[in-house]
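Protein chains: 2
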Amino acid sequence: MKTSQYLITTLKETPADAELVSHQLMLRAGLIRRLASGLYTWMPLGLRVLRKVENIVRNEMNKAGAIEMLMTCSQPAELWQESGRWDKYGAELLRMKDRHQRDFCFGPTHEEVITDLVRRELSSYKELPVTLFQIQTKFRDEIRPRFGVMRSREFLMKDAYSFHSDRQSLEETYQAMYSAYSDIFNKLGLKFRAVIADNGSIGGSASHEFHVLADAGEDLIAYSDQSDYAANVEKAVALAPSTERPQASAELILVDTPIQRSIKDVCELLGCQANQTVKTLLVQGSEENTLVALVVRGDHELNEIKAEHLPEVASPLTLATDQQITTTMGAEAGFIGPVNSKVTVIVDTDAAQLADFVCGANQNGKHYQGVNWQRDAEYHYITDLRTVIAGDASPDGKGTLHMARGIEVGHIFQLGNNYSKAMQATVLDENGKQKTLEMGCYGIGVSRIIAAAIEQNHDDNGIIWPSAMAPFQVVIIGINYNKSTEVKQAADRLYQTMQQQGIEVILDDRKERPGVLFADADLIGIPHRIIIGDRGLKNGQVEYKSRRAGNSEDINLDDALGFIQNKLQLQSQPS
Amino acid sequence: MKTSQYLITTLKETPADAELVSHQLMLRAGLIRRLASGLYTWMPLGLRVLRKVENIVRNEMNKAGAIEMLMTCSQPAELWQESGRWDKYGAELLRMKDRHQRDFCFGPTHEEVITDLVRRELSSYKELPVTLFQIQTKFRDEIRPRFGVMRSREFLMKDAYSFHSDRQSLEETYQAMYSAYSDIFNKLGLKFRAVIADNGSIGGSASHEFHVLADAGEDLIAYSDQSDYAANVEKAVALAPSTERPQASAELILVDTPIQRSIKDVCELLGCQANQTVKTLLVQGSEENTLVALVVRGDHELNEIKAEHLPEVASPLTLATDQQITTTMGAEAGFIGPVNSKVTVIVDTDAAQLADFVCGANQNGKHYQGVNWQRDAEYHYITDLRTVIAGDASPDGKGTLHMARGIEVGHIFQLGNNYSKAMQATVLDENGKQKTLEMGCYGIGVSRIIAAAIEQNHDDNGIIWPSAMAPFQVVIIGINYNKSTEVKQAADRLYQTMQQQGIEVILDDRKERPGVLFADADLIGIPHRIIIGDRGLKNGQVEYKSRRAGNSEDINLDDALGFIQNKLQLQSQPS
Chain A
0 MKTSQYLITT LKETPADAEL VSHQLMLRAG LIRRLASGLY TWMPLGLRVL RKVENIVRNE
60 MNKAGAIEML MTCSQPAELW QESGRWDKYG AELLRMKDRH QRDFCFGPTH EEVITDLVRR
120 ELSSYKELPV TLFQIQTKFR DEIRPRFGVM RSREFLMKDA YSFHSDRQSL EETYQAMYSA
180 YSDIFNKLGL KFRAVIADNG SIGGSASHEF HVLADAGEDL IAYSDQSDYA ANVEKAVALA
240 PSTERPQASA ELILVDTPIQ RSIKDVCELL GCQANQTVKT LLVQGSEENT LVALVVRGDH
300 ELNEIKAEHL PEVASPLTLA TDQQITTTMG AEAGFIGPVN SKVTVIVDTD AAQLADFVCG
360 ANQNGKHYQG VNWQRDAEYH YITDLRTVIA GDASPDGKGT LHMARGIEVG HIFQLGNNYS
420 KAMQATVLDE NGKQKTLEMG CYGIGVSRII AAAIEQNHDD NGIIWPSAMA PFQVVIIGIN
480 YNKSTEVKQA ADRLYQTMQQ QGIEVILDDR KERPGVLFAD ADLIGIPHRI IIGDRGLKNG
540 QVEYKSRRAG NSEDINLDDA LGFIQNKLQL QSQPS
Chain B
0 MKTSQYLITT LKETPADAEL VSHQLMLRAG LIRRLASGLY TWMPLGLRVL RKVENIVRNE
60 MNKAGAIEML MTCSQPAELW QESGRWDKYG AELLRMKDRH QRDFCFGPTH EEVITDLVRR
120 ELSSYKELPV TLFQIQTKFR DEIRPRFGVM RSREFLMKDA YSFHSDRQSL EETYQAMYSA
180 YSDIFNKLGL KFRAVIADNG SIGGSASHEF HVLADAGEDL IAYSDQSDYA ANVEKAVALA
240 PSTERPQASA ELILVDTPIQ RSIKDVCELL GCQANQTVKT LLVQGSEENT LVALVVRGDH
300 ELNEIKAEHL PEVASPLTLA TDQQITTTMG AEAGFIGPVN SKVTVIVDTD AAQLADFVCG
360 ANQNGKHYQG VNWQRDAEYH YITDLRTVIA GDASPDGKGT LHMARGIEVG HIFQLGNNYS
420 KAMQATVLDE NGKQKTLEMG CYGIGVSRII AAAIEQNHDD NGIIWPSAMA PFQVVIIGIN
480 YNKSTEVKQA ADRLYQTMQQ QGIEVILDDR KERPGVLFAD ADLIGIPHRI IIGDRGLKNG
540 QVEYKSRRAG NSEDINLDDA LGFIQNKLQL QSQPS
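Protein chains in written order, with numbering that gives the first Met the number 0: chain A, 0 to 574; chain B, 0 to 574.
Chain A with its partners taken away, still in its complex shape (with noise of 0.2 Å):
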């Protein structure tokens, strides 16, 4: 391809509207044009990397024996009202009418087509397992669109749905599949990592998220730096602490702290450490008038999801007023404690390993010293409350928690019988009666990666790809091409030998000073460049820069060929 003959629009001025570094490149590399809130146009270039993401999805999909088809982007309601989903699910589902005042909506997922579908083809267990897959075009109407194809409202997706006649058939193709999801984050060359999104109401793990690792991620994830666990921060077991909680060696202490409620400020008077502390949130219970109180460490988090999770615990999460605290309490918040509490206290198991901690002694500007478990408060029971912090063992035992932002881009999930039983998709099991189909889905913004590709892949100059995803792993360019007949020959002799052989080769023909041309080529990212100028063609060089490394080389002109190629080789080596 010759950008002559192809529609390369780049854009020197960064967007106004663009918040996000990959919303800014796509835009400014021409991958993609705004149409209207949410809707973006692939361009030439965007498209050839959508397509190379779409295939990766395909091909290990294939692999994992998943079966393509394609459903389409309408679908009529009375499914979705058989489901439950035309009322539950909120503005974000495209409802519309055709002309016949038929309600229909534009798809963001497929489950009950699908599950329709299956009810009418299959009948019998022997036909099962079946995955069926494709990559389509889907809706959701974001009440605010943003970054670009990160939350666009129109995006390709590749949704899959799995049946099974029992729940075991169901976690080893959920395994299959969270294996294939791995290939194929690594086939792409991403960070990544399958994080734990929720813990089994069903079963196992029943949900995995799959993020793409970026500091612009809106997620926090804590993961090991020894094994594959990781899960979203709000969601990471606190390990218990596995040595004793040591004896008590302190008296128990009333002392001054007129004005100081927060850890800190206690910790500066008192010259303790705040891991020698503890705070105490009262928040309220699930039963009518009650409070609760929720023990955790002074240098940790209380984790709301954690704590609304607790049968004693109304959920969502509501904390006292002052005013109940003041009452229940005897002191304001900043000076309560465990210590002859008037509610039920739950500790977390990092605050219950504590001996001789400090704490607020219900008194206002009182705190207690040498506080020990047992021998001053009680406590109703000790349970995981906080939120993990990096440092922290990693809950499977094996090795240490780190933090890392991530980009959800796929995720997989076992439903079991959620759409089944509602929709009545039953098959004949092997004594001839009706059994409800267990069903899995998994999911892949195949839009999405883009953008979360770039947000890992970047620099200052513009996009840096990894090699599966460049739209052309090598551009050509020379130095007054239009205007040097050595230099104009010597490309297009390079540039058509390498598309004999096979490379994604562009060749920038375009009447521009050859700044231009670099800084095009660095923003779009494209992996090997060759630069070719009359005076390296004197000693029959070029120059070979490499758009991730960024280091230059002049090589022989006729090696070229052969260098690139044991380049690509390279890369596409499993790594």
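Think of the hints as simulated: they come from the structure by calculation, not from any bench.
Worth double-checking, as some hints may not be accurate.
Each pair of labels, with its calculated beta carbon distance range [to be verified]:
#	chain 1	residue 1	chain 2	residue 2	range
1	A	100	B	421	29 to 37 Å
2	B	429	A	484	44 to 52 Å
3	B	496	A	125	23 to 31 Å
4	B	564	A	431	42 to 50 Å
5	A	484	B	427	40 to 48 Å
6	B	101	A	364	53 to 61 Å
7	A	100	B	300	41 to 49 Å
8	A	61	B	300	53 to 61 Å
Covered, in the sense of this in silico footprint (three residues per stretch, anywhere, with C-beta under 8 Å from a C-beta of chain B), are these stretches of chain A [to be verified]:
#	region
9	42-53
10	57-71
11	114-126
12	424-436
Positions of the beta carbon are idealized from the N, C-alpha and C atoms, including for glycine.
With chain A held as given, fit chain B onto it using these hints.
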């Protein structure tokens, strides 16, 4: 692929609501399933066919220099308001409102979106011409969706748009697209014709439809047997006779035809041929209260479209009432003619060629014999007024016209500045002046091609795929595959060998009677079939059957691979 791992869901019964053979066969072969009126799910087998067509279309478009991109299905109303189509386009346009009550539509076509993109991205004539295309999902809210994917509401379309700074460039690209379309349908292995759709209101042949020939086609096409001339019968030009009109040799005689009003009855009475008579049709003139007499030969039919394009004739074509005929001509319809006509007479070229002909005498119960133009009857002028018939000379002077029914699967169109003017899409020309773009558009109904191909290629037993469209090239059927170890081993080994050689092969390993497997293979239409049974294996032989030719032959199992490879190679050669 083995059928047991694939979702093969054939039907024995013909679905009641499917009228067309292609619709019946697509449902029976399990290529598609109906979701709702005009909405079809592409099953795995059907999707394979769809992708084959899609890829052939894509490759030929790429070869022709068109650049692929991808626009969204949903389009903002503003652009359609700008072009004027928001109000003009009827109920076929699926309009929808997003959560903020903004108007959108589900695109039936993308002229507005692409014109908007091009006017933003391109600024100079130097960047032209450019041809952009996409293969994308469209929606047309048909009032009566029918015939399966032949006239569905949601469908896959290839739509291309070209932009030019002048008419000549548009015509060049139009020709390139014409060639690309011909290549596409040739590669697909379909009998087709490029049909003149509009005789050049913009210039040249401004529009061609591509029709796949099939008896079920909605359009009747006249085509030459010796050139690529083809036109919808309603628009095909009737060539004027090349010889001179014979001299008058008979006297004008008034004869009694008391009850003979039709050409047939008059000919029987007078013992003449229909092609020696003329019929006269009285129609409303374009000026108020005028009538015009249109004269065609007795064996020809007046072409309404040609007639209503005459400046003297009102459009739409409206016949005179019985009362108007009697009052004006002095006789009832059936007895009128051009002799002493009180109204303007316009004569078809073939009728004008007659000498000594028969016509109504403008007296009830009377006809004239031996009528001669100019001597006995005046006319205003001679023009092409009739519908062509089989056996007419082709208007390009090459060969004879034949008739065939066709299914429109593609349309190329020189739009000129229809959209670019309304949407102010301009570039700077050589002189730095704003110039409105010239535009072409080029569509192919990708889904529809499959139905059309089946209409053209089937027999009583099912589909007969052209090789390029077949979901698999070879099916291997083992008789008692699940019982006979020898059969299973031979079938599995051949299957694996073929797969390794890159042959698209499917092994039918279902536990069904051979008759069921054969019937399904016929129905699905796989071109090549290998049947392996114990009896043949004793002699090292298997049976080969060609789906299209229908003939069977015994071949050596050891030669089967080479035999099939040879068949496939012959197929892939251009016909």
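Verification of the hints:
The beta-carbon spacing between residue 100 of chain A and residue 421 of chain B, approximately 31 Å, falls within the hinted interval of 29 to 37 Å. Distance hint check for residue 429 of chain B and residue 484 of chain A: the Cβ-Cβ separation is about 26 Å, which falls outside the suggested range of 44 to 52 Å. The hinted range of 23 to 31 Å is satisfied by residue 496 of chain B and residue 125 of chain A, whose Cβ atoms lie roughly 28 Å apart. Restraint check, residue 564 of chain B to residue 431 of chain A: a C-beta distance of roughly 46 Å satisfies the suggested window 42 to 50 Å.
Taken as a hint, the range 40 to 48 Å is violated for the pair residue 484 of chain A and residue 427 of chain B, whose Cβ atoms sit roughly 30 Å apart. A hinted range of 53 to 61 Å holds for the C-beta pair residue 101 of chain B and residue 364 of chain A, which are about 58 Å apart. At about 42 Å, the beta-carbon gap between residue 100 of chain A and residue 300 of chain B stays in the expected band of 41 to 49 Å. The beta-carbon spacing between residue 61 of chain A and residue 300 of chain B, approximately 56 Å, falls within the hinted interval of 53 to 61 Å.
Closer than 8 Å: that is the beta-carbon criterion, and the region 42-53 of chain A has 5 residues meeting it against chain B, so the requirement of 3 holds. Residues of the region 57-71 of chain A with a Cβ under 8 Å from some Cβ of chain B number 7, which satisfies the need for three, so the listed coverage holds. Given a C-beta distance limit of less than 8 Å, the hint that chain B covers the region 114-126 of chain A holds, as 4 residues qualify and 3 suffice. Counting residues of the region 424-436 of chain A whose beta carbon lies closer than 8 Å to any beta carbon of chain B gives 0, which falls short of the minimum of three for the stated coverage.
The earlier numbered hints that this structure contradicts are 2, 5 and 12.
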